[in-house]
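*Asks:* So the sequence lines, in the order shown, correspond to chains A and B.
Position one of the first sequence corresponds to residue 1 (the numbering used here), numbered consecutively onward.
Position one of the second sequence corresponds to residue 1 (the numbering used here), numbered consecutively onward.
No lab work stands behind these hints: they were computed from the structure.
All C-beta atoms in this analysis are idealised placements derived from N, C-alpha and C, irrespective of residue type, glycine included.
A few of these clues could be false.
To give an idea of the interface, some chain A residues facing chain B are shown, with a C-beta separation under 8 Å as derived from the structure [as the list claims (entries may be wrong)]:
id	residue
1	Leu53
2	Val54
3	Gly115
4	Gly118
Distance condition first, Cα-Cα at most 30 Å in a straight line; then the derived DSS-like pairs of lysine-lysine [to be verified]:
id	chain 1	residue 1	chain 2	residue 2
5	A	Lys165	A	Lys73
6	B	Lys236	A	Lys70
7	A	Lys73	B	Lys105
8	A	Lys213	A	Lys223
Interface residues of chain A toward chain B, partial, derived using beta-carbon atoms under 8 Å [to be verified]:
id	residue
9	His89
10	Asn91
11	Gln164
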Amino acid sequence: MSILAFHHVSKTYDQKSIALQDVSFTVEEGEFVSIIGPSGSGKSTILRCINRLVDATQGTIVFDGLDVTKLGKRDLRRVRTKTGMIFQHYNLVNRLTVIENVLHGRLGHKSTLSGMAGLYTEAEKEEAFAILEKLGLTEQAYQRCDELSGGQKQRVGIARAIMQKPRLILCDEPIASLDPSASKVIMDHLSNINQTMNITCILNLHQVDVAIKYSQRIIGLTKGRIVYDGPADALPQSTIYEIYQSNKGELITDVEG
Amino acid sequence: MWKAESAGMRVNVFTRRKRLYTFTLLGMVVFYVLAAAVVEFNALEGFTALPRAVSWIVSNLVPTEKAFARLPKILGKLLETTLLSISVTVTAAVCAFFFSLLGSKTTRVSGALSSAVRMVAAFFRNVPDVVWAMLLLFSFGQNILTGFFALFFTTFGMLTRTFIETIDEVSASCTEALYATGATTMQTVFQAIIPSTMAENVTWVLFMIETNIRSSTLIGMLTATGIGYLFDLYYKRLDYGSASLVVLSIVAAVLLIETISSRIRKVIL
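Whenever a hint applies, use it, and build me the whole structure from the sequences.
*Replies:* Have a look at this one:
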């Protein structure tokens, strides 16, 4: 059964700039999908429409059997607890410790008051530490997030997302600010989470080679339209040029050959 | 070919910049001369009068023994003024924080309400505290409450604006992340916005406490309360020695608060 379905979704910002035009696709449970496309092609908008950080202008988005575009506040919160999100700039509360940031993943499951006061159960704390151990951050648990490296911060971001016990993780340029070795660590963790915990992952990526290597399926986006949707290993070179609207020799991936 | 062209353009840019600076400087000189002519201000006269002013200050404003006898009374009033400033600033800060949540782009309820909040804050901030005090004198009379509210209004306006800026600047990204986890607005405020803006906001609150000790002196003259009243009293009695001791004690108090607040800042940053 498909976990997510876009039906003819369009998004226009300020009644002028068109971000998405008639986008339709479905994602099956457990898939690892990468969305590639030039900057401004609507990749971030797609992800943000799913958890309604951005509201789609037209169309329906069905997640887990619910049309998220029509949800009220309370139901929207419930949907958000089931969708973790990872950001390019990590979006952690830098002045708080690692463990506090990880526990933020539980806020959606708690009453407003206990969440405000930061009262977590012992079970929640134990789980947070278990997740940190899995991601190799045990030693940093009590460090403040602004003392961490970029790769460590992104692992905290992943830990916060897993803490939600999500069914879907949305990753908005998860490795765009990281060096190649930290990027590999992050991609390996995401891939591992996808396989062992059966959490569906949708990633926005700039690195075409990374997308091809890690994902089963690639969606290519140009000017808010889907121009490719198919298996990663079948993505033809000519389509890559079409997605980025460029000619042979103009992409960084051309340099190697 | 493009080289010669761009070099020509570069020269053009530099000469244009030089011309701009020259004209700005000339413009300022002309403006000064005109303005001075209109108000009949003579800078030379002003500066030559300075030594005379200094010698008058030295001979009249040095605290005398009589003045030091009044020190306990002065310090008592100074403490009263300082405590008032602190309580005003803290009360205003709490109100301003919740108000700024409505004004900030990341937490606002609606665009219209946010603009309204910004306008109200600008109004409170831009009416000088002395004017507030004079207006409030009608309703409260010469009372400590008049001073309290006069300071409260300007502090509230000022802090609302700075808090809005801090919230927009510091916590937009983590606020988005917490909303994405399904956290409620209040949870996000307490778990993301307060921790990430705390240090900067406290810095502003400490700064406003210092400012308010200074302002409350002036307001005290109008409302006949606190240290300002004492200064006014001695000054009108021509007891300049005691008046200057009041001023010196205010300077000492502000310096003390500054030292304490820079310590606090170091700890929380």
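*Asks:* Hint by hint, note whether the structure agrees.
*Replies:* Okay, the hints, checked on the actual structure:
About 6 Å separates the beta-carbon of Leu53 (chain A) from the nearest beta-carbon of chain B, less than 8 Å, and the hint is met. The interface hint given for Val54 (chain A) is broken, as the beta carbon of that residue sits about 11 Å from the closest beta carbon of chain B, more than 8 Å. Interface hint status for Gly115 (chain A): upheld, as the beta-carbon distance to the closest one in chain B is roughly 4 Å, under 8 Å. Taken as an interface hint, Gly118 (chain A) checks out: its beta carbon lies about 6 Å from the nearest beta carbon of chain B, inside 8 Å.
Note on Lys165 (chain A) and Lys73 (chain A): the hinted pairing holds, with a Cα-Cα distance of about 20 Å set against a maximum of 30 Å. Taken as a hint, the Lys236 (chain B) and Lys70 (chain A) pair is broken in the structure, with Cα atoms around 72 Å apart against an allowance of 30 Å. Only pairs whose Cα atoms come within 30 Å are accepted, and Lys73 (chain A) paired with Lys105 (chain B) is accepted, the gap being roughly 19 Å. For the proposed pair Lys213 (chain A) and Lys223 (chain A), the alpha carbon gap of about 24 Å is at most 30 Å, so the pair holds.
Satisfaction of the interface hint for His89 (chain A) is found here, the shortest Cβ-Cβ separation to chain B being roughly 6 Å, below the 8 Å cut-off. Given the 8 Å rule on beta carbons, the hint for Asn91 (chain A) holds: about 4 Å separates it from the nearest Cβ of chain B. At a threshold of 8 Å, the smallest CB-CB gap from Gln164 (chain A) to chain B is about 6 Å, leaving the interface hint in force.
In summary, the numbered hints that this structure violates are 2, 6.
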